[in-house]
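From first to last, the protein sequence lines stand for chains A and B.
Counting with our numbering, you get residues 3 to 307 for the letters of the first sequence.
Counting with our numbering, you get residues -6 to 234 for the letters of the second sequence.
Simulated from the structure, these hints should not be mistaken for lab results.
We put the CB at the ideal spot given by N, CA and C, even for glycine.
Derived DEER-like restraints, expressed as beta-carbon distance ranges:
{"no.": "1", "chain 1": "A", "residue 1": "147", "chain 2": "B", "residue 2": "125", "range": "48 to 58 Å"}
{"no.": "2", "chain 1": "B", "residue 1": "103", "chain 2": "A", "residue 2": "236", "range": "49 to 59 Å"}
{"no.": "3", "chain 1": "A", "residue 1": "305", "chain 2": "B", "residue 2": "174", "range": "30 to 40 Å"}
{"no.": "4", "chain 1": "A", "residue 1": "112", "chain 2": "B", "residue 2": "163", "range": "35 to 45 Å"}
{"no.": "5", "chain 1": "B", "residue 1": "72", "chain 2": "A", "residue 2": "182", "range": "20 to 30 Å"}
{"no.": "6", "chain 1": "A", "residue 1": "300", "chain 2": "B", "residue 2": "103", "range": "32 to 42 Å"}
{"no.": "7", "chain 1": "A", "residue 1": "112", "chain 2": "B", "residue 2": "162", "range": "36 to 46 Å"}
{"no.": "8", "chain 1": "B", "residue 1": "121", "chain 2": "A", "residue 2": "146", "range": "55 to 65 Å"}
{"no.": "9", "chain 1": "A", "residue 1": "114", "chain 2": "B", "residue 2": "217", "range": "46 to 56 Å"}
{"no.": "10", "chain 1": "B", "residue 1": "114", "chain 2": "A", "residue 2": "180", "range": "21 to 31 Å"}
{"no.": "11", "chain 1": "B", "residue 1": "19", "chain 2": "A", "residue 2": "300", "range": "43 to 53 Å"}
{"no.": "12", "chain 1": "A", "residue 1": "112", "chain 2": "B", "residue 2": "6", "range": "13 to 23 Å"}
{"no.": "13", "chain 1": "B", "residue 1": "174", "chain 2": "A", "residue 2": "92", "range": "47 to 57 Å"}
Derived lysine to any residue pairs resembling SDA-like cross-links, with alpha carbons at most 20 Å apart:
{"no.": "14", "chain 1": "B", "residue 1": "174", "chain 2": "B", "residue 2": "116"}
{"no.": "15", "chain 1": "B", "residue 1": "174", "chain 2": "B", "residue 2": "23"}
{"no.": "16", "chain 1": "B", "residue 1": "102", "chain 2": "A", "residue 2": "182"}
{"no.": "17", "chain 1": "B", "residue 1": "102", "chain 2": "A", "residue 2": "204"}
{"no.": "18", "chain 1": "B", "residue 1": "102", "chain 2": "A", "residue 2": "178"}
{"no.": "19", "chain 1": "B", "residue 1": "102", "chain 2": "A", "residue 2": "185"}
{"no.": "20", "chain 1": "B", "residue 1": "102", "chain 2": "A", "residue 2": "184"}
{"no.": "21", "chain 1": "B", "residue 1": "14", "chain 2": "B", "residue 2": "31"}
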Amino acid sequence: MNPQVLIDGVIAGSIIGLGAIGLTLTYAILRFANFTHGDFLAGGAYLTLTVSGFLGGFLASLGVGTPLGPFSFGWGLPVSLMAGIGLTIVLTLALDRVLFGSLRRRGADAIIIVMASFGASMALRSLIEFIYTANPVYLTRELQIAQQIGLGMRATPDQLLTIAMTAVLVLALHLVVTRTATGRAMRAVSENPSLAGVYGIDVAMVIRMTWIIGAGLACVAGVMSGLLVQIRPYMGFDLLLPLFAAAILGGIGSIPGAMLGGLIIGLAEAMTVQLIGAEWRAAVAFVLLVAVLIVRPTGLFGQRG
Amino acid sequence: MSMLSLRDFQAGYDPDLPIVKGVSLDVAQGEAVGILGPNGAGKSTLIKAVAGQVACLGGHVTLNDVDITGVASHDLARRGLGFVPQTENIFTRLSIRENLQIAAELVPKGRRADRIEAMFAMFPDLASHSSRQAGALSGGQRQMLAAARALLNEPQVLILDEPSAGLSPKLVGQVFDTLRKISDAGVTLVLVEQNVRAALQLVTRALVLVDGELAHDGPSDALHDGALLGRLFLGTREATA
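All chains, full assembly: derive it from the sequences and hints.
This is the structure in structure tokens:
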């Protein structure tokens, strides 16, 4: 087996893992499978692209539009990413206020909220396609040559940055959830929202925080995917099954679990492409999802009850 | 001046079918009050509604003369109303210390560590394995942790829903000894309890709720012989006088 499969799997797994973290948090705290999460990835990428388009000329006029070091992008992308994260957060909070929050207040069953998320997902995707068309777009047109990184593997600087950024974000989020008052409140709400209120936790605030973290990570994952491949209206929808598979494989509510699940799915996909054929890639996440549900429904790090 | 006051209070899960039907009562500062009654009388619904866990369908509740009717439960905790539910009253996936740390968020920053240590001093059983997951605690220890959590931010009123539920007689004794200490420390206690004998030894005043209405309100001593209590539980309201 070509060792390149390892780095390819880790790169794909990084993007899947970041997306799965948002999904697992939403699932654990709001108790529904959020089908719009994939479209938050796509929406985040398009919003970042839009800001980047506005900023491009301005930054070029300041002389800072050229690529940063070995990377394929200049200062415009990090700045646009910050704005894109902010806009994705606004989008998710607005959607929660108008749709999911409204259903929660009426005491709607989880299946109704899931169906609503499915509908919102289609609406968002259609809106993106309406505004930006179905043609793929790119965050950068600079060419990058993959370089040797040892053990017979090659990667571009952008790909290595994606892995490093994922590691930093996952570690930071893990520390927030395990070591801070906000994280304790999130874990408490995920176990028992009613009791959380009795303890003095503002559950509505925790729900907003969950959307903010999920949206932020979804935007970063969408931009990473857009940077390494391309941006398409269906990019998030296509990632949805691997995201769910990673979240369930890792154990619902577990951040390290979602990340590890993402890496396992990414590696399995990369191996499938090399060993069986690219046409089977999409089936891997589904097979793994079914296998986990049969063998260990709580996932690798999930807790019962 | 009453610490907790209910006026024509109605509560339940369906606006057309109130379970608590117009209860009025006053609890003075430092008083220990027991709410007793047969199964289905609406005791738990009453205190859950006061604690913001069940919808208030009518009437008013005041805490220290401030109207708290319909206030969200997390806000009530901040205002000094502590509530300990009957079951699922601790976060089992969090450690003992983390359970207390969450409650300590209601205390000013500079006092949080001191308050947590004060609770460990009051409940030494919890202190010895504070980093343990709370789900590993015994039934009695869980009630201790639930009480410690509720007391941590020094509530003006502590409401408990059947603290003896599911405990062995020995553990019931331990839990009520702890509640006596809490009451002796001056905390206003309101207690719903099925274990009438244990409750009457703790509280100074007993309320009997029958079919969602207050059927008796008087000193707990009056119910010790059991005859009056028996008549009340069977629903003969003329005994109220």
